[in-house]
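Undergrad: Counted from 1, the sequence shown has number 473 at position 473 by full-length UniProt numbering; the numbering is strictly sequential.
Each hint should be verified, as a subset may be incorrect.
Unchecked claim - Each computed PhoX-like pair below joins lysine-lysine, with the alpha-carbon atoms no more than 25 Å apart:
1) K48 - K128
2) K454 - K255
3) K388 - K330
4) K96 - K144
5) K464 - K287
6) K271 - K425
7) K144 - K113
8) K79 - K128
9) K425 - K342
10) K255 - K244
11) K255 - K220
12) K330 - K287
What the hints assert, rightly or not - Each pair of labels, with its calculated beta carbon distance range:
13) K255 - D324: 43 to 53 Å
14) K96 - N258: 25 to 35 Å
15) K109 - N164: 32 to 42 Å
16) K48 - D509: 41 to 51 Å
17) K48 - G422: 39 to 49 Å
18) G201 - K265: 20 to 30 Å
19) D198 - S88: 26 to 36 Å
No lab work stands behind these hints: they were computed from the structure.
Just so you know, these numbers come straight off a predicted model, no measurement behind them.
Glycine included, C-beta positions come from ideal geometry on N, C-alpha and C.
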Amino acid sequence: MEFTRYLKYLSYDKIWKAMRYYRFYGTTEFVRMFRDKFENSIPLDYEKWYKKNRKKREKIEVSESIAFNILIKNDYKYKEELLDTTVSSILRQRYKNFDILYADDDDLKKKIKGQYCLIVETGDILGKDFLMEVADFLQKNPIKAVYTDNDHYKIKDNKMHHLNPYFKIAYSPDLLNCTNYIQNSIVLRTDLLMEIIDDCGHIPESYELNLRIFEKEGMKEVGHLPNMIYHSYIRYIDEKAEIKALEEHFKRIGKNVNVKPSDYKGFYNIKYEIEGNPLVSIIIPNKDHPDMLEKCLSSIRKSTYENIEIIIVENNSEKKQTFDYYKRIKDREKIRLIRWKKAFNYSAINNYAVRKSRGEYLIFLNNDVELITKDWIERLLGHAQKEKSGAVGARLYYPDNTIQHDGVIMTKAGVAGHAFQGYEKDEATYLNKAIFTSNVSAVTAACLMVSRKKFNEVKGFEEKLAVAFNDVDFCLKLVKAGYFNICEPSVEGFHYESKTRGLDISFKDRNRFLHETIFMEDRWMDYIKDGDPYYNKNLSLKNWDHRLGGYV
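All chains, full assembly: derive it from the sequences and hints.
TA: Structural data, given as structure tokens:
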């Protein structure tokens, strides 16, 4: 790498951020970050990436204290050589403490002896270190289940070619309700599998099995090992069976949900029915810009959900047109105007407005947001009413129809970034990530719903964060309290924030921003340093768009 050709791109801000990164993460992490930032960003070839990363992991050695049961689901419609391929990959395992059984064996319960089970379908291939890496993970994290990343393979000219990688995220109940993103590569405790078999009378198909595991164990007992060590045979997806599995899952957990197939094979559209008719408070801070505020309010008036109150928080407006506008709307039904006379502090303003509000559910909305989806409140509320949901956010666009927000990714440098920012509205994204509901570390408070109970539980917004990162901090507090934040892309709106807006340029604002950045790094060091659990560590943090790269 020719270092000198990058000097012309350096600035005070970039140097300052680089030094701060070095201070927090040390030499090794700094070099990795520097290389990722400045090396040529030509898309990596997946097969080359796979071979390189496989070699990196070959040195692992662990004690063989965990016994595995490998249960082969022999689908007899496939050719016998596919079964041979699967068995051969099992026999090549470097970790030898395992038994091979057939999943349809009538005496299966009597024959199973090991602590953990892996169900392998005909044609699937285990990387030679699969059991060794899983054993290493489970010895360090003695939980009830763990799943790995997986790709697919094809044989061409007698050579195996790897393709279609599934770089997965941590347990995401809302993504799992849209697609079987975990697939087959899950290892679970034998007693847990026996419990599931007792419940349904057989070993369920992959999607049903994964749904039942998470129903019983949730997040704390299921881990993710982000290593590409399971290789799936490309097979037909039975959508009717998967929809049935989803519908039965929702019945078991007592949720009334509409499940429909999408335009994408193996992905499903989920809509939750609203429980009751709770009051929703929509809180909109405002300083001047009456035209922008009217556009926001007009989009709310088109909403199909009616039990709302709109609280406009006036904060030191200066223009006569603004106060004339307030006079015109003061008698509109459902609108209340309250005043915040102190200096701008986003967190303090919204905390104050919550105390003045009456709703069971809260929506924080920027005055420069225009909603497109008419049933946006119902769609957010359907999630917010779930017991384990935290903050629920929307998919927002710049005025030119490119994506402004589709969930927040926690990074090591710069604290946070927006997923798929700058992508075209209808542009294809990795594994349809920008289209379907998923759990994320955080969502922007430009459009965010949360229950009042959970808002109060985490003590609202941090008032030390007056401008930046207050929404991210709020969301991470919800995660820490055991809730799942959700990005719901079916709720769409325009965010008239400037696409080219940079950092605050005044010294005072620059200093404030840097202090807020350091505050976040200090408070959430472990979360940031360990990597965002909802963004696979094998993917690039340079662009936040799920391209191959990684920070390992």
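Undergrad: Among all the numbered hints in the text so far, which are the ones the structure does not match?
TA: 3, 9, 14 and 17
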